[in-house]
Amino acid sequence: MDTSVLPIIILLPLILGTTLVSWLKQFSRGVVAFGAIGVSLSSLILLLTQAKDVFNGQTIIQTWPWLSQAGIDFSFRLDALGLLFSLLITSIGTLIFIYAYYYLSPKNSLSKLYVLLMLFMAAMLGISLSNNLILLLIFWELTSISSFLLVGYWSNYEAAQRGSRMALTITGMGGLCMLGGFVLLAQITGTYQIDQILTMGAEIQQHALFVPTLLLILMGAFTKSAQFPFHFWLPNAMAAPTPVSAYLHSATMVKAGIFLLARLLPIFAGAALYHNIVTFIGLFTLCMAAFFAIFKEDLKGLLAYSTISHLGLIVCLLGIGSPLAVAAAIFHIINHATFKAALFMIAGIIDHESGTRDLRKLSGLWQLLPFTATLTMITAASMAGVPLTNGFLSKEMFFTELLANLSGPVMVISAIVATFAGIFAVAYSVRLVHGVFFDGPLGKEVPNKDAHEPPFGMRAPATLLAILCILVGLAPALLLENIVNSSTRSSIQNAAFEGTHLAIWHGFNTPLLMSAIALIGGLIFYFSLAKNGKLRKIDLDPTLGKLQGKVLFELFLKHLLLTSRKFRRFTENGKLQSYLLWIVIFTVALVTVPFWMQGIGTGTREQTHASAIAIVLWLLLFSACWMMLWFHHERIKAVLISGAVGLVVTMVFICFSAPDLALTQITVDVVTTVLLLMSLSLLPQLTPYESSVSRRWRDAIIAIIAGLGIAWISWLIMTRDHNSISWFFMQQSIPLGGGTNVVNVILVDFRGFDTFGEITVLGIAAIGTLCMMDGMRAHGTTITQGLTFRFNPSPLMFRITSSWILPLALVVSLYIFLRGHNLPGGGFIAGLITSLALVIQYIALGQDRAEQLIGAKSGRLYEVWIGIGLTVAGLTGIAAWLWGRPFLTSAHIYVSPPILGEMHLASAALFDTGVYITVVGATMLMISVLGDSRHSSMSGPVPRGE
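Residue numbers for the sequence shown follow full-length UniProt numbering, so the first one is 1 and each next one is one higher.
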């Protein structure tokens, strides 16, 4: 069996589907729809090829190493439970794609909707097939992002934007909690692999971290599946296009939380806290949402609350947790997907044809839409649990398991609540049918009184699902019994489970009586409310007032925003000294906490006397720092003194035999000084003095505490013995990295990924400088008036001398670059030397002339250099994959060409070349931007666009 099919099932919609649909939008809408449906069907067919073996008990697992040391791998698992959900996702998704083609107006982008639906489908497939908790979490968050985009599809509607933000906030919060739960679960079990975790249920429940782990994971499941008190986001997401609502409510998004509970059931089953919380939250959600659904005026709002109610039923069954209860939950997952997808499609048809979905305006549509009315009656009957429909069977199983697994007063109360929920379900289902299609003649307020049946393609998906509701209701054992039992065994991880028998008739018993009471009571309740049109006039919102979840959520956000603004006004006052004050205080506090309960005395390491050179360097450093303190109000002097501090540090590195660090320090020091001098030229030359004596004393005290604290921490480290890892790099530098310069080998080999990240950040900083200075006009002050940033041409002698410096500097750069793998040097230092040589040309010739000679007059050359450097470095790392090695693993060989003799070649040199090009491009871009009069001019305003 080809197990590589698992990632392909996800990648088809994620990569191929989104790309194909985006490309096909240049053709007709039909071609776009055909491409989307084809991709969805492809994933469905691949799943069906595995169905026979998987539903017979086989589990397929495929793993590709990723961050194995952190326990994170690309690991996928296909068992009966995952296959069931994946089949629902792809089959319902295919029907949604067909329906969307007819539903969406040509004025709206069909390709955009399909791309987002493809992304949504891939995310849900990823959740269903993941065998690693972190991988599952990634797909989990992708569902939140894609649903945010789908709910806000009509971006010009305020309701759509508000609903999408609410959904993202609630589900995102739950996802963050779930991340914490997964991390704790990994701390308990030592792994993120789901197949391993599911075998450790007893160990997990006995651990001290079990309760917070359980609560955090339940937060993720409850928020995603809209359980009380997080249910309110789902009705507010109804501003999405109807195909989105149909998909979200039936097979995706809200079913993710259900899947998580079913998947992790083996590690939670048997824990009283789990059973109590999940069972009664589900039961309360079931009844509460069913009651509210009756009074909703919007068709989709009614269906949204009915979804919440049915999700509560499934959650309650999973909370009960017995094998038969889990089987009932899985059976109802299938049933709910069929009738709810159909009902949302029908709601879209009604809205599409009549021009409204407001129940207060709809009535008598039977005469205009008889076929749609028939479909509505079938699917609404299934939703209400009417006999001979699939919904009736799973509702009977729910009642049975509720009575069988609870006892005493709890069982009685639960049975009463469940019966009332059944009554309410019948009432809102009857309202859906009676209120829209009957309840008098054709409504006077219906916008389109000439409504007619939609095209066959628009009705076909709902028709197929309605037929399934009847077929499953009549022959459940033939159609679904093996699937339900296999999925149950997979969920409870018990291959010995004999299974349940799905049958229409179980005799006269209490569940049947509860169903009869619900059916009759629902009819009586609805018609008593609907008598004389009273139901159309009832509005629960004023009664509930501030107790509504939506209102509470908006109040919470309002107060959060107000509080954050107050805090921002207190801390963000536009004064750099204030920011530095808070940073230093926070740093001191953060460092103090871990040391507070530890021994902070001098260590036992043998101490040595300071050498004369060390004392001299210390005195120089002290003098430079004191001068910095004395002259810090004069910005230019402060920069020059900071350069002197850098020179002293360079000398320290030389004394400690660290030539690589010394070279890096001196070159960085010079380039930084140039950049600071250019930046400070935009500002007054004097820094304002402190406002008061008390403020000076405050700053002095904080500075002294921080300085002494850092000094003491350094002393603690230096007076203690510690295990160094330097021996590893010293031993492996030549055999693994092929270089004798350990520092350079670490940078381009052992820690090459870090270096790649650093040069990426450097490139981002340079481009950020370009963006920040774009359009900026600095006109100077009375102190700096007359200065220029264009580097006016220097005296002739200096220009002549500089023409000799550039080639010499480039030769030195090449020398430093080539020797870097075995002697002090490397791409970073060589890049800075080249930058310094180019800066000298700027100063000598003027920026305009220098850039003209370099070919950078267009202003884009340095950006191109950054891109080339990052590309070269990245491709060097990717090349390692061709030989099955990790990213940026270097290789080295010795060759002996004629004449030249033996030569040592290392792939790290290519990576270092990328570092070199990026450093030169980033440094010169920042210098060019700061000196360019198009960004900053002292001569007065310059029109934008010049």
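These aren't lab readings, by the way, just hints derived from the structure by calculation.
Hints may contain errors.
[Claimed, not checked] Derived DSSO-like pairs: lysine-lysine, alpha-carbon spacing no greater than 27 Å straight-line:
1) Lys449 <-> Lys534
2) Lys449 <-> Lys296
3) Lys296 <-> Lys534
4) Lys575 <-> Lys361
5) Lys534 <-> Lys558
6) Lys531 <-> Lys107
7) Lys531 <-> Lys296
8) Lys534 <-> Lys575
[As the list claims (entries may be wrong)] Derived CB-CB ranges, DEER-like:
9) Asp754 <-> Ser322: 27 to 37 Å
10) Ile583 <-> Leu823: 17 to 27 Å
11) Phe887 <-> Arg819: 20 to 30 Å
12) Pro106 <-> Arg360: 23 to 33 Å
13) Asn494 <-> Lys449: 28 to 38 Å
14) Phe556 <-> Gln161: 15 to 25 Å
Heads up, the beta-carbon is just placed ideally off N, CA and C, and yes, glycines get one too.
(request) Determine whether the Cβ-Cβ distance between Ile583 and Leu823 falls within the hinted range of 17 to 27 Å. (result) violated, 39 Å
(request) Hint says 23 to 33 Å; check whether the CB-CB distance for Pro106 and Arg360 agrees. (result) holds, 30 Å
(message) Between the beta carbons of Phe887 and Arg819, is the distance compatible with 20 to 30 Å?
(response) 26 Å Cβ-Cβ, so the 20 to 30 Å window holds.
(message) Hint check: Lys449 vs Lys534, CA-CA at most 27 Å. Holds or violated?
(response) holds, 24 Å
(message) Hinted pair, alpha-carbon criterion (27 Å max): Lys534, Lys558. Please report holds or violated.
(response) violated, 36 Å
(request) Mind checking the alpha carbons of Lys534 and Lys575 for me, to see if they're no more than 27 Å apart? (result) Not satisfied, since the Cα-Cα distance of roughly 63 Å exceeds 27 Å.
(message) With the threshold set at 27 Å, check whether the alpha-carbon distance from Lys575 to Lys361 stays at or below it.
(response) Between Lys575 and Lys361 the Cα gap is close to 60 Å, so the pair fails against 27 Å, i.e. violated.
(request) Below or equal to 27 Å on CA atoms is what counts here, so check Lys531 against Lys296. (result) Holds. Lys531 to Lys296 sits at ~17 Å (cutoff 27 Å).
(message) The hint says 15 to 25 Å between Phe556 and Gln161; measuring C-beta to C-beta, is that right?
(response) holds, 18 Å
(request) Could you grab the alpha-carbon distance between Lys531 and Lys107 and see if it respects the 27 Å cut-off? (result) violated, 42 Å
(request) Indicate whether the distance between the beta carbons of Asp754 and Ser322 respects the range 27 to 37 Å. (result) Between Asp754 and Ser322, where Cβ atoms are some 52 Å apart, the hint is violated.
(message) Need the status of pair Lys449, Lys296: alpha-carbon distance at most 27 Å?
(response) holds, 23 Å
In this structure, the hints that do not hold are numbers 4, 5, 6, 8, 9, 10, 13, in rising order.
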